[in-house]
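Protein chains in written order, with my numbering: chain A, 163 to 258; chain B, -16 to 392.
Calculated directly from the structure, the hints in this document are not laboratory data.
Derived contacts from chain B toward chain A, CB cut-off under 8 Å, selection only:
#1 L10
#2 N11
#3 I20
#4 R21
#5 V23
If we take Cβ atoms under 10 Å as the criterion, some of the chain B residues that face chain A in the derived model are:
#6 D(-13)
#7 E7
#8 N22
#9 A30
Derived lysine-lysine pairs resembling DSS-like cross-links, with alpha carbons at most 30 Å apart:
#10 B/K25 with A/K223
#11 B/K25 with A/K239
#12 B/K180 with B/K239
#13 B/K47 with A/K219
#14 B/K58 with A/K239
#15 A/K223 with B/K40
#16 A/K239 with B/K47
#17 A/K195 with B/K25
#18 A/K219 with B/K8
#19 B/K25 with A/K219
#20 B/K47 with A/K223
#21 B/K8 with A/K188
#22 B/K132 with B/K263
#23 B/K8 with A/K225
#24 B/K8 with A/K239
#25 B/K25 with A/K225
#26 B/K40 with A/K239
#27 B/K8 with A/K195
#28 A/K223 with B/K8
All C-beta atoms, glycine included, are put in the ideal place defined by N, C-alpha and C.
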Amino acid sequence: MRNAKKNNSGKLSFGEKAAEALELPKEMFGMPKAVIYGRREISIENFDSILEFGEMKIRLKTKTYHLTIMGSRLNIKNISPDMIRISGEIANIEFT
Amino acid sequence: MIFDRLANFFRGSLRIRVEGGSVEKFLNICTYHGMEIRNVHKLENGAVLQFSWMDWKEVRRIAKDNDYQCTIITKRGLPVTAGRMKKRYFFIAGLLCCGLFFAASAQFIWAIEVNGNETISAEEILEDLESVGFKEGVYKNKFDLALLKEEVLLRNDKLAWIWVDIVGNKAVVNVKEKSPIPEMVPDDVPCDIIAQKMGIIQKKVVKNGRSMIEVGDTVFPGDLLVAGTIDSETEGVPTRLVHASGEVYARTWYEKTGEFTLTKEYKVYTGREQKYCRLKLYGYEIPLSRKESNPYAHFDVVTEKKDLKVGEDHYLGISLIIETVREYEFVEVPMSLEDALEKAQNALRAEIEKELSLTYEEVKSDFTYEMAGEDTIVAKLKGEFIEQIGITQPFESGVIENNGDGEDL
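Using the sequences plus the hints, can you model the full thing?
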């Protein structure tokens, strides 16, 4: 949560700074990576846990912030320790 | 996606309903233990989810420790099917026997196909192959194909070349027939050249021997054209015997007459047919229907063979042979005079060409016809040709053969 606050205040975390300095992919330093396929699917790497799971809303915890996906008929297509794929009608993605 | 499904099939998967607490917590615990969960759908008081067959014990333990109720909805995949099959001993035994049977039958030749033969029948080639032991039902690795080819070539002197390929359970035999060798007198045997037909000499080219004719002479079949005996003008020197060689061209005439009708006969199928089926099992034929002998006055027999194959080439030694006997009748259709004349001319020309020698040149031809009734014509074709009429003829037996250098008679 502390890291998230820093992000909200515009400051970069150590991982982000290191990745930028070394020009390496940020996900190597545990930064979450989200890939959106149109409006129907989103895939998130480096997430920590599921905070809330519903058909209209899914909230995820990552190392740096909380990610809220809102929409309809949402479901988890695939979930493994380091990646989650959510499908459904995605309406909104929010970072808190 | 297809690879995921394939992997899921081989690993096996379970679809369960989880109830009794926070789904989020359950999913987090499962992922914490390294599990992969698919197709999670939220229900009012739980969720439906799918995971690998191997994770079932762990999931059950997690559910028990955290007071969740798990209900299996479906089980899928290879381990599930294998588990169900475990107690079906006879089915497994049958499956194994079937597999063993096909594996064993794959080691034998169950069909032999002959290609490339024109004048020699396929049956004759098959008989030659059988005489060296190569037939349907033999173990395919028993033969050295190179030796087999040599043995067949030695047995059948009409074959120039043979090649045997084994494709699956089928042997494909490709052959090339020898071209017929023209009857010739060997160069070292003394001979004459005689006329094979009547004509007027137009040209002569004598390479060896003594010319007996002049341009303009009329010759008849059997007349001596070039003699193979050369008498010496010097007294005391014996007559030489040589292999006469040369070409003698003569003007020849042919005349052919034939009667032709102004109708054409067509073969029309009546639509009536009978089918007979046979099952060919590893070289043995089993009739599946009773065959009547000659059911129609005029009929064609069409045989269709359907082979049981795995893939394109792997013949399994089982065939269904369908023999269709189709009835036909002849129907006469009127023909125009032009068509009938063309047909008559072609037929008469073909007859003349049968009698002509290999080297000929047409000088002129005359085709005439006259009506012999309402629907019949009598056609006549006269042709004048210049052709090679000389053929070699060895001396009668008792004559001393020599090499052309000269020897006493």
